[in-house]
Amino acid sequence: MSAKGSLAFEAAIGGGIPCVAALRNGLVGNSIQSVVGILNGTTNYILTRMSEDDMTFAEALELAQDKGYAEADPTFDIEGYDAAHKIVLLSMLAYNVGVSMKSVYVEGITNITALDITYAHEMGYTIKLLGVSRMVDGKLDIRLQPVMIPLTNPLASVRNEFNAIMYHGDMTGPVTLYGKGAGSFPTASAVVSDIVSIAQKQHGGKDCIYIEKDAEYISPEYRMLRYYIRLHSEDRAGILSKIAGVLGGYNISIASVIQKEAITEYVPIVITTHRANEAGMRKAKNEIERFSFVNGHVMIIPIEDFDNTGE
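Numbering (this note's numbering), first residue to last: 8 to 318.
Accuracy of the hints is not assured; some may be wrong.
Claimed, not checked - Listed next, the in silico BS3-like pairs over lysine-lysine satisfying Cα-Cα at most 30 angstroms (straight line):
#1 K109 - K146
#2 K249 - K220
#3 K220 - K146
#4 K290 - K249
What the hints contain is simulated information worked out from the structure, not anything from laboratory work.
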């Protein structure tokens, strides 16, 4: 800014998708209400292969590396940090507020299993790593995590290395942009677009992000979501009542329970909930994991219905 130069970064988000230009130009007459997107091609490729080919996470990751979609050290992608930086940039553009990465809840896909994907499909959902950003009563709700979305939602059909961003404007309603999120040619296209855009301007300094103020954030105590819970437990009487007791203690209402007969020592139990606050859900998760009859990690995944609008 002090050098009166331009800062262009279309290629930093979504590869060849003109998601920055859409906010700055096409949607400039709107008040943006939400930004929801699949912002990392590596993780979307992995989840697609797990979903369509019944691969484990490790198998899908190895395939992604073989095809050049994942780095030798894929941590930045699979733990969600790459996509989290992108939802931060889009939020700053959409709402003209300063957003700190420290204020973004970030969770990757390393704990997603084929079992989670199977149950999601049975319930009419699929699992995507989503950046979700909403401005609610002047406060920012922003997170990057695996989310269950309806199979009827446009984002559910985004496969492999493709990305998609859904903006919801007060005048346009939902607007979805779709395209390759990685690769030399899509990225080169975005870089050339930035260079031409800068060259066409008579004065520099107009491509920086305008920050009106620093964002205020919604607390996890006020973030209300439905949840999918998956755990492995011993198969004996009284266990479900103990789990239900923990959930009830945090005012979490159970919507459904699935426990299929199994011959293994530990059986999978899947619970879906009605809307509950995030802070209470995480405390309940930690408490359930401490039960001696529970084996390993308890997985919780938010369920977003969106009404096909991103809202």
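Numbers of the earlier hints that this structure fails to satisfy, in rising order: 2
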